[in-house]
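**Student:** Each chain is listed here by its residues.
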Amino acid sequence: MFKRLFSLVLVVALAAAFFPLFATIGDRGDVSPLAESYLADAPDALGSANLVTSVIVTYRGLDTLGEVTVLFAASAGVSLVFSRLGSSSDGRRPVQNHAPSELVVTGAGLLLPLIFVFGVFIFVHGHLTPGGGFQGGVVIASGVLLALLAGTLTELSHGMLSVLEMLSGAGYVAVGLLGLWLAGGFLDPRFLPTGEIGSLFSGGAIPVIYSLVGIKVGAELSGVIDAMRRRRVVE
Amino acid sequence: MMTQILTVLAFLLMALGVWGLMSRRHLIRIIIGFSLLDTGVHLLLVAFGYRSGGTAPILSDGIGVSGLVSGAVDPIPSALVLTAIVIGLAVTALMLSFAVRMYARTRSIYIDKNKELKW
Amino acid sequence: MILAMLITFGVMMLVAALVALYSRDIVTAIVASGVVSLLASVLYVLFGAPDVAMTEAAIGSALTTVVFLFAWSRIRSIASRDDSTNGEVR
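Chains as they are written, first to last, in numbering that gives the first Met the number 0: chain A, 0 to 234; chain B, 0 to 118; chain C, 0 to 89.
One should not assume that every hint holds.
To be verified - Computed far set for chain A versus chain C, every beta-carbon distance over 12 Å:
| # | residue |
| --- | --- |
| 1 | 16 |
| 2 | 81 |
| 3 | 101 |
| 4 | 107 |
| 5 | 109 |
| 6 | 115 |
| 7 | 125 |
| 8 | 189 |
| 9 | 193 |
| 10 | 196 |
Unchecked claim - Heads up, incomplete: computed chain B residues facing chain C, CB under 8 Å, no partners named:
| # | residue |
| --- | --- |
| 11 | 53 |
| 12 | 68 |
| 13 | 81 |
Derived by calculation from the structure, the hints in this document are not laboratory data. Just so it is clear, CB atoms sit at the ideal spot from N, CA and C, and this is done for glycine as well.
Same shape as in the complex, but just chain A (with noise of 0.2 Å):
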């Protein structure tokens, strides 16, 4: 009973810290000058057409490499935290309850590829239309997933999972550094030809950027799927 009270006067103590933002927000006509001024000189200065990934990738580069980390920290957790405890069960036999259906294996067989290819695209035209490393590294990470659910994939390869985020963690990182070296600063996509704004090889090093934290991403979400997934052993 206490405890209720407590979490109402919670509540009821939120709604009044955030009741001077609804008495002042309104529908606005303009954006705050340092939008104002991406959306002025970012096209030109970078040649990428999508400006929220030339804010992720150039401008906040230095918050999505820690975003990155964060994100690599939390899935070792998870495989932490699984490894743990599996150990305590012996005869680590992976077995599947139920065969998946016909449905399931033959749709699989067919979509695959495309899933894969379609996140291979998403995150290769990041800086051209909406979607960019993220979204993609997810798509993939959903397909890795169909494919352990349809049995087509029965054992994930850790030690590839790992080469390949090492890979493009570290990739990422020479990247930044070689745009230190070569451009303005760290993580400037400068130093590669900005090219010509809507075509597949402009934006400098965006695209290069993108797709490397596109198969981090990819990789991380499925290492945590699979650590979800995984053990369920007979004894």
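We have chain A already, so just place chains B and C on it with the hints.
**Tutor:** Quick look at chains B and C alone, frame taken from chain A:
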């Protein structure tokens, strides 16, 4: 008007999330409350970046740079929310794995049966 | 028109959130929280953030739901293993 409605909606979701976090006893439901709180915060950030009648901040043939300056929404909150969603998934997975571990150890999914951390 | 859509989706989101917190069945609750994310991704499209909408649709409603279901099925499998060995689950 649209911004206000979205702000109120975001706040209601956040309040529901906090309420669920505090009042539910089932571990899975507590984590669901956390993800509702997450969604509410993301909606609030997107509401901050909106301008009335705004388009996506993507340069295309129809819209030149001048059209972008006069009519596109703020790209910064979009970028922040985008990464926050991905981190949110990883953190949710970590919380769920701790929940599974806690169940394996204490054999109870209800948080108030676990006396170890009671204050 | 857009305003009506916004209000409809908002009400649906709140209903789904309540279902997620108060339904009796855990699987229903997990799916309802996925529905909240899916509707949120529609709202992001209305508010001019298609990048965020893609992310939310792929992560919030697909992968998060799957991760929740995997965790729940592991908890269930631990419970059923207990059931067969010593027959007591609290």
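**Student:** With reference to the structure, classify each hint as holding or not holding.
**Tutor:** Now the hints, each set against the structure:
1. For residue 16 of chain A, the non-interface assignment is confirmed: its Cβ lies about 20 Å from the closest Cβ of chain C, beyond the 12 Å cut-off.
2. Look at residue 81 of chain A: its CB is around 9 Å from the nearest CB on chain C, not clear of 12 Å, so calling it non-interface is violated.
3. Look at residue 101 of chain A: its CB is around 22 Å from the nearest CB on chain C, clear of 12 Å, so calling it non-interface holds up.
4. At the 12 Å boundary, the C-beta of residue 107 of chain A stays outside the reach of chain C, the nearest C-beta of that chain being 15 Å off.
5. No beta-carbon of chain C comes within 12 Å of the beta-carbon of residue 109 of chain A; the shortest separation is about 19 Å.
6. Chain C leaves residue 115 of chain A outside its interface by the beta-carbon criterion, the shortest separation being 14 Å against a cut-off of 12 Å.
7. The beta carbon of residue 125 of chain A is not kept farther than 12 Å from every beta carbon of chain C, the shortest such distance being approximately 9 Å.
8. Here residue 189 of chain A stays apart from chain C, with its beta-carbon at least about 22 Å from theirs, past the 12 Å limit.
9. Remark: the non-interface label on residue 193 of chain A is consistent with the geometry, its nearest Cβ contact in chain C lying 21 Å away (cut-off 12 Å).
10. No beta-carbon of chain C comes within 12 Å of the beta-carbon of residue 196 of chain A; the shortest separation is about 18 Å.
11. Proximity of residue 53 of chain B to chain C holds as hinted, the smallest CB-CB distance being about 4 Å (cut-off 8 Å).
12. Taken as an interface hint, residue 68 of chain B does not check out: its beta carbon lies about 15 Å from the nearest beta carbon of chain C, beyond 8 Å.
13. Hint status for residue 81 of chain B: holds, given a least beta-carbon distance of 5 Å to chain C, under 8 Å.
The structure fails hints 2, 7, 12 (numbered hints given earlier, in ascending order).
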